[in-house]
Amino acid sequence: MNGLSGADAMKRGLFMSFANTLRAAGVATAAVIAAGATLSSPAWAKDTLTVAIPAFLSGPAAGPFGVPARNGAEMVIDAINSGSLPAPYNTIGFAGATLEAEFVDESGGNTKQVAEYRNLVQKRNVDLVIGYVSSGSCAALAPVVEELQTLTIFAVCGTPRIFEEAPRRYSFRTMSHATADAVAAAHYIKDMFPEIKTYTGVNQNYAWGQDSWRDFELSMTQLMPDSKASENLQFPKIFAGQYGSEISALSLDPSELVHSSFWDGDLEGFIFQATPRGLFQQKKVIFTVGGTAAYRLGKRLPDGLIIGARGPYGILVRDRETELNTWFINTYKDRYGTYPSGPAYQYGQGVLAAKIAYDKAAAAAGGFPTQDQVIDAFTGMEFESFSTTVKMANGAGHQAITENVYGISKWNDETAEAGVTDVKFYPAECVMPPEGASSVEWIEGGMKGAKC
Amino acid sequence: MDMKRDWTLPGLTVGFALIAVVGTLVLPDWLMALTVNSFSRALAVLGLMVLWRCGLVSFGHALYYGLGAYVVALLGKDWGISEVLITLPAAALLSGLVGFGIGFIMRRYREIFFAMLSLAFSMVMYGILVKTEALGSTDGFSIEQPSFMGWTPEDATEKLHTIFLMLCFICWAVAALVHRYLQSTLGNLTRAIRDNEIRVEYLGISAQHAVHIKYVMSAALAGLGGAMLAISLGQVDPDSMVNWPVSGELVFVTILSGPGSVVAPFIGSVLFELIRTYAFEWVPGAWQLIVGATLLVIIFFLPGGVWSLISRAIGKREDL
Chain F
1 MNGLSGADAM
11 KRGLFMSFAN
21 TLRAAGVATA
31 AVIAAGATLS
41 SPAWAKDTLT
51 VAIPAFLSGP
61 AAGPFGVPAR
71 NGAEMVIDAI
81 NSGSLPAPYN
91 TIGFAGATLE
101 AEFVDESGGN
111 TKQVAEYRNL
121 VQKRNVDLVI
131 GYVSSGSCAA
141 LAPVVEELQT
151 LTIFAVCGTP
161 RIFEEAPRRY
171 SFRTMSHATA
181 DAVAAAHYIK
191 DMFPEIKTYT
201 GVNQNYAWGQ
211 DSWRDFELSM
221 TQLMPDSKAS
231 ENLQFPKIFA
241 GQYGSEISAL
251 SLDPSELVHS
261 SFWDGDLEGF
271 IFQATPRGLF
281 QQKKVIFTVG
291 GTAAYRLGKR
301 LPDGLIIGAR
311 GPYGILVRDR
321 ETELNTWFIN
331 TYKDRYGTYP
341 SGPAYQYGQG
351 VLAAKIAYDK
361 AAAAAGGFPT
371 QDQVIDAFTG
381 MEFESFSTTV
391 KMANGAGHQA
401 ITENVYGISK
411 WNDETAEAGV
421 TDVKFYPAEC
431 VMPPEGASSV
441 EWIEGGMKGA
451 KC
Chain X
1 MDMKRDWTLP
11 GLTVGFALIA
21 VVGTLVLPDW
31 LMALTVNSFS
41 RALAVLGLMV
51 LWRCGLVSFG
61 HALYYGLGAY
71 VVALLGKDWG
81 ISEVLITLPA
91 AALLSGLVGF
101 GIGFIMRRYR
111 EIFFAMLSLA
121 FSMVMYGILV
131 KTEALGSTDG
141 FSIEQPSFMG
151 WTPEDATEKL
161 HTIFLMLCFI
171 CWAVAALVHR
181 YLQSTLGNLT
191 RAIRDNEIRV
201 EYLGISAQHA
211 VHIKYVMSAA
221 LAGLGGAMLA
231 ISLGQVDPDS
241 MVNWPVSGEL
251 VFVTILSGPG
261 SVVAPFIGSV
271 LFELIRTYAF
281 EWVPGAWQLI
291 VGATLLVIIF
301 FLPGGVWSLI
311 SRAIGKREDL
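From first to last, the protein sequence lines stand for chains F and X.
The opening position of the first sequence corresponds to residue 1 in my numbering, with each subsequent residue numbered one higher.
The opening position of the second sequence corresponds to residue 1 in my numbering, with each subsequent residue numbered one higher.
Keep in mind that the hints were calculated from the coordinates and are not lab data.
Where is the CB? At the ideal position from N, CA and C, for every residue including glycine.
Certain hints may be false.
Straight-line distance between alpha carbons at most 20 angstroms, and here's what the computed SDA-like set of lysine to any residue pairs gives [stated by the list, open to error]: (1) X:Lys159 <-> F:Gln149; (2) X:Lys131 <-> F:Gln149; (3) F:Lys448 <-> F:Pro434; (4) X:Lys131 <-> F:Gln242; (5) X:Lys77 <-> F:Gln242; (6) F:Lys237 <-> X:Lys131; (7) X:Lys77 <-> F:Glu165.
Just the calculated beta-carbon pair ranges, DEER-fashion [to be verified]: (8) F:Gly366 <-> X:Gly292: 36 to 42 angstroms; (9) X:Phe113 <-> F:Arg300: 43 to 49 angstroms; (10) X:Phe301 <-> F:Val440: 53 to 59 angstroms; (11) F:Gly367 <-> X:Ala313: 51 to 57 angstroms; (12) F:Ala365 <-> X:Val297: 48 to 54 angstroms; (13) F:Gly83 <-> X:Leu85: 56 to 62 angstroms; (14) X:Ala120 <-> F:Arg169: 42 to 48 angstroms; (15) X:Thr24 <-> F:Gly366: 38 to 44 angstroms; (16) X:Ile290 <-> F:Gly367: 41 to 47 angstroms; (17) F:Met192 <-> X:Gly292: 46 to 52 angstroms.
To spell it out: a stretch of chain F is covered by chain X in this simulated footprint if at least three of its residues, at any positions, have a beta carbon under 8 angstroms from a beta carbon of chain X; those stretches are [stated by the list, open to error]: (18) 97 to 105; (19) 110 to 121.
Construct the complete structure from the given sequences, taking the supplied hints into account.
Below is the structure:
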């Protein structure tokens, strides 16, 4: 590195004259101003809306999450622009305005996402933002969304904190949060494997992993009070990639059940590394986000894993033959060559929710709605999505509740496709806390008001 | 010794005054936010530049960068202190103090050992943050709205403009101080240390002592830069503030800027942020490639950084 400095350049720089400095500052200022004058985007025309779609486009989460998420959003946006969604959503655009999608990379850390979000709103003048996979992104962005006052729909991220820690006006989340996954997981274990007495967990060491494990352990304490959690829990870092020592520790642990909320490349890496070591023969393992791995791993996904998809999405609803779901699966398969996994559904659902809110607001306003009218229409609405009914029932009408579902992985030799057996659905009011209740207090208080 | 009169200080004064006034009048919000991010990073780069002049490259200054950011965040979270007149000096002071402690070890090492050891220290801090749930773990946490001498801005634009003006002033003051320092005997030792440490010792000055002072200075500056970034973005997390790619980014901007002048880091930072913003916008799937290619181009064709380009252009004209 030393050689790079260049002694000559240094001398010149060290003893420069006033004129040098002044001109340099002038050049810098002029460059900044010129950039501002020539590069700021023009104001958008009334008949198009710019939608930013952030998802992981690079890094270990891109393959299992970012790409299907992007595809799901792209497909639904194209269908909305051409008016080819199944009825009753077969009108063109959002309140008549066609959509221009801008896909954005979600990787690089939360603070970077905050800076990028500012760019989206202030520089690229997007009208609304639909997306975000990571709980970290959403937790970091929630206050910024309020500050910049731009409609933002969190499509996937799971931490319950978003709408529990403060009231929000400009952000919505169109799927259930992590609590539903944990509560439904505990119900499924109770229904299917009531003999289980001991369990442990391997979860990523950040909000999502910590929240998921905490909610699962609390739910097990409530629903299966005779069972006991291991003292020896594994919390590797997110995107760690290597799980040799965790797998050894799990194998040595006497627990019968392993809980994991792994997602992204970590999930697939863990399954690859644990399969040859016999972990899945030795123990029951429940993957709350396992659904994304099913299509990607195909036959390499061991049979007998308990898998969820963070709700009624992907492989767990492949046999649901509603018109919307059939359209979603067939169109996706024709276009991208695989079945849609959870993130594809979840991003598609976020886009669909925005369309419904815009259309509803337009009908009420008798013309193209303002952002405030869209938000008012969005708040508390209930709609039929591709695979399930979504109710914006919590967080003062900003947080969705949906049913949740688990099943057991089983490779189908006849069709040569990944499949699931023993699929059980749990209603939204059974797995999500009621409006106004905090997730942890609700579970600890014995899940009062749950309708299962 | 070059006897030409040094006009850097008046230049800095006029330059930053111009940026502050013209910026407030014409810059759109996004460009102002970009300038704020760039100048925050430039403060840290300024410290790295001083080290680089000694021939030392630190791949671990994200330690102080992140420390400054977390000091601001934690003062707000745990003590409810959001006054920048307290949080900023506290961040710089604490970073300087930690730098002082670690400096006793760092000053004994040079070259690759210095770089790797600094990396190791920063990864210790990263490990601690990631493992501590009370500090937000991998997610970090958001920061209280800052107040300026008891006054809290009403909306995002007001906040941004206040931070921008404040930062212009801070950058002016810091750049001027660093420049004065570099002109002093101790400051002028930077090149001497790089060229021949034994001769420096024969002059009766401890090279280790001199390196230690510069290390503390760079730590405090990185802390100040990180604190500014945290205040303007309203969020801290280990991956964006403390992880090794952040240290790498600081070194990247140092190389991009060039060590020629205290003005260089400010130009280099703005340039870096512009490149990154547009790369991110135009090729969302491969923006890192563009940023990396830029560094290669700089190393191959402009080893003195962008500053060498500017000083060369101006220098030629002066000869006429």
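Do the hints match the structure? See the list:
no., hint, verdict
1, X:Lys159 <-> F:Gln149, "holds (15 angstroms)"
2, X:Lys131 <-> F:Gln149, "violated (34 angstroms)"
3, F:Lys448 <-> F:Pro434, "holds (9 angstroms)"
4, X:Lys131 <-> F:Gln242, "holds (17 angstroms)"
5, X:Lys77 <-> F:Gln242, "violated (34 angstroms)"
6, F:Lys237 <-> X:Lys131, "holds (8 angstroms)"
7, X:Lys77 <-> F:Glu165, "holds (14 angstroms)"
8, F:Gly366 <-> X:Gly292: 36 to 42 angstroms, "violated (53 angstroms)"
9, X:Phe113 <-> F:Arg300: 43 to 49 angstroms, "holds (45 angstroms)"
10, X:Phe301 <-> F:Val440: 53 to 59 angstroms, "holds (57 angstroms)"
11, F:Gly367 <-> X:Ala313: 51 to 57 angstroms, "holds (56 angstroms)"
12, F:Ala365 <-> X:Val297: 48 to 54 angstroms, "holds (52 angstroms)"
13, F:Gly83 <-> X:Leu85: 56 to 62 angstroms, "holds (58 angstroms)"
14, X:Ala120 <-> F:Arg169: 42 to 48 angstroms, "holds (46 angstroms)"
15, X:Thr24 <-> F:Gly366: 38 to 44 angstroms, "holds (41 angstroms)"
16, X:Ile290 <-> F:Gly367: 41 to 47 angstroms, "holds (43 angstroms)"
17, F:Met192 <-> X:Gly292: 46 to 52 angstroms, "holds (50 angstroms)"
18, 97 to 105, "holds (count 3)"
19, 110 to 121, "holds (count 8)"
Of the numbered hints stated above, those contradicted by the structure are hints 2, 5 and 8, listed in ascending order.
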